[in-house]
Amino acid sequence: MRLSRRTEFYSVLLRFFLMSLRNWVKPSFSMLPILQICEELKRITTINLESSFMAKLDQYCPKLMELVSSRRGAAKMKINQKKGTTLEDHTIERRREVAIRCMVVYLGEKEEDLFKEYVDGEDMSKALAGEVMKIMVNKAARTSDPASATILIEATEVLRGLDLPRACALLMGLIYALNLSYPRQLRHTFEVFQKLLLELDGLKASPKVMSLKQKLLS
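Throughout the sequence shown, residue numbering follows my numbering, covering 341 to 558 in sequence.
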C-alpha cells in the first residue's frame with residue numbers, strides 16, 4: 341500500500357529526529373526536512389514558503405519600523421532596544437529579525453513567548469522542558485553568526501542552524517504540515533505570519549491584524 345504524502349512527511353521528520361539524536365546527520369542532509377516542509381506547504385496552499393514570507397517581510401519592513409517607532413511607554417523602550425542592534429549589524433537577516441521582534445511587541449504580545457535565548461553549556465534538558473513550540477536562540481552565537489536559531493516542537497529539536505526570520509517561516513510551514521494550533525498567547529503574531537506575510541486567508545484577519553495591514557499599505 342502506498343503511503344500518503346502526509347504520512348511520508350511524518351516519516352521523514354521521524355527519521356530526521358532519530359538521526360539527529362544519534363549525531364548521524366551530515367551537513368549535506370540537513371536541508372532534506374526543510375525541502376519537505378516547503379514542498380508540503382506548497383502542496384497544501386500553492387505558496388512558496390520562504391520566498392513569499394521573506395518578500396513580504398522585506399516589503400513591509402520600512403513601514404513597520406516607522407509604525408513601531410510611534411509606540412510609547414514600555415513598548416517604545418523595548419522597540420528602541422531592538423532597533424539598536426541594527427546599528428551594530430546591518431545584515432538583511434538582522435534587519436528582518438528586528439522587524440519581527442518589534443512587530444511582536446507592537447501587537448501587544450511577548451517575544452519571550454516565541455523566542456527563548458540560551459547560552460552554551462546550559463542544561464538544555466531544563467531549557468527544553470515544557471516547551472510546546474519555541475524558537476531557541478544561542479545568545480552568544482547570535483552576535484557573530486545569524487544562523488543560531490533552533491525550532492522546538494513538543495520539547496524536541498526539529499531544525500537547527502537557522503537565522504531567526506527563516507526559523508519563523510519554517511515554523512509556519514511545520515504548523516501547516518503537521519496541522520498544529522497557534523499558541524494562544526501569540527495568536528496575533530502568527531496571524532500576521534499567515535495572513536500578511538504568506539497571504540493565506542488574508543480577508544478573514546482579526547480587527548487588530550487588519551488594522552496593521554491597512555497601516556502598512558497606507
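It is worth saying that the hints were derived from the structure and are not from the lab. A portion of the hints provided could be inaccurate.
Unchecked claim - With a straight-line Cα cutoff of 20 Å, these simulated EDC-like cross-link-like pairs (lysine to aspartate or glutamate) come out:
1) Lys-479 / Glu-497
2) Lys-382 / Glu-497
3) Lys-382 / Glu-406
4) Lys-553 / Asp-541
5) Lys-535 / Glu-471
6) Lys-553 / Glu-539
7) Lys-479 / Asp-453
8) Lys-555 / Glu-433
9) Lys-479 / Glu-539
10) Lys-555 / Glu-539
11) Lys-553 / Glu-457
12) Lys-382 / Asp-541
13) Lys-548 / Glu-471
14) Lys-548 / Glu-406
15) Lys-450 / Glu-471
16) Lys-555 / Glu-471
17) Lys-548 / Glu-449
18) Lys-396 / Glu-471
19) Lys-396 / Glu-497
20) Lys-456 / Glu-471
21) Lys-555 / Asp-453
22) Lys-479 / Glu-451
23) Lys-555 / Glu-406
24) Lys-535 / Glu-497
25) Lys-396 / Glu-406
26) Lys-456 / Glu-497
27) Lys-553 / Glu-452
28) Lys-456 / Asp-503
29) Lys-555 / Asp-541
30) Lys-403 / Glu-379
A quick note: this is a predicted structure, and the numbers were derived from the prediction, not measured.
Now for the hints, and whether the structure bears them out:
1. Restraint check: the Cα-Cα separation between Lys-479 and Glu-497 comes to about 17 Å, which is no more than 20 Å; the hinted pair holds.
2. Restraint check for Lys-382 and Glu-497: the C-alpha separation of about 23 Å exceeds 20 Å, so the hint is violated.
3. For the given pair, Lys-382 sits about 32 Å from Glu-406 by alpha-carbon distance, which is inconsistent with the 20 Å threshold.
4. Between the alpha carbons of Lys-553 and Asp-541 the distance comes to roughly 13 Å, so the proposed pair stays at or under 20 Å and holds.
5. A distance of roughly 25 Å separates the Cα atoms of Lys-535 and Glu-471; the hinted pair therefore is violated under the 20 Å criterion.
6. Straight-line distance between C-alpha atoms of Lys-553 and Glu-539 comes to about 11 Å, which keeps the hinted pair within the 20 Å bound.
7. Proposed proximity of Lys-479 and Asp-453 is supported: the alpha carbons are some 16 Å apart, at most 20 Å.
8. As the CA atoms of Lys-555 and Glu-433 are separated by approximately 24 Å, the hinted pair breaks the 20 Å bound.
9. At most 20 Å may separate the alpha-carbon atoms for a hinted pair to count; Lys-479 and Glu-539 exceed this at roughly 32 Å.
10. For the hint pairing Lys-555 with Glu-539, the CA-to-CA distance comes to about 16 Å; that is within 20 Å, so the pair holds.
11. A C-alpha spacing of about 29 Å is found between Lys-553 and Glu-457, which places the hinted pair above 20 Å, so the restraint is violated.
12. A C-alpha spacing of about 15 Å is found between Lys-382 and Asp-541, which places the hinted pair at or below 20 Å, so the restraint holds.
13. Of the supplied pair hints, the one linking Lys-548 and Glu-471 is violated, its CA atoms being roughly 27 Å apart against a limit of 20 Å.
14. Restraint check: the Cα-Cα separation between Lys-548 and Glu-406 comes to about 17 Å, which is no more than 20 Å; the hinted pair holds.
15. Proposed proximity of Lys-450 and Glu-471 is supported: the alpha carbons are some 15 Å apart, at most 20 Å.
16. Our distance criterion of 20 Å between C-alpha atoms is broken by Lys-555 and Glu-471, whose separation comes to about 34 Å.
17. A distance of roughly 12 Å separates the Cα atoms of Lys-548 and Glu-449; the hinted pair therefore holds under the 20 Å criterion.
18. For the hint pairing Lys-396 with Glu-471, the CA-to-CA distance comes to about 29 Å; that exceeds 20 Å, so the pair is violated.
19. Distance hint between Lys-396 and Glu-497 is unfulfilled; the C-alpha atoms sit about 27 Å from each other, more than 20 Å.
20. Using a Cα cut-off of 20 Å, the hinted pair Lys-456 and Glu-471 holds, with the two alpha carbons roughly 10 Å apart.
21. For the suggested pair Lys-555 and Asp-453, the alpha carbons sit about 25 Å apart, so the restraint of at most 20 Å is broken.
22. Restraint check for Lys-479 and Glu-451: the C-alpha separation of about 15 Å stays at or below 20 Å, so the hint holds.
23. Our distance criterion of 20 Å between C-alpha atoms is met by Lys-555 and Glu-406, whose separation comes to about 10 Å.
24. Taking the CA atoms of Lys-535 and Glu-497, the gap is near 26 Å; set against the 20 Å cutoff, the hint is violated.
25. Of the pairs offered as hints, the one joining Lys-396 and Glu-406 holds, with about 16 Å between alpha carbons and a cut-off of 20 Å not exceeded.
26. Annotation: proposed proximity of Lys-456 to Glu-497 holds, straight-line Cα distance about 13 Å (limit 20 Å).
27. In summary, the hint linking Lys-553 to Glu-452 is not supported, as the alpha carbons are separated by about 24 Å, beyond the 20 Å threshold.
28. Simply put, Lys-456 and Asp-503 have alpha-carbon atoms about 14 Å apart, close enough for the 20 Å limit, and the pair holds.
29. Proximity of Lys-555 to Asp-541 is assessed by CA-CA distance (about 18 Å); at most 20 Å being required, the pair is judged to hold.
30. For the suggested pair Lys-403 and Glu-379, the alpha carbons sit about 31 Å apart, so the restraint of at most 20 Å is broken.
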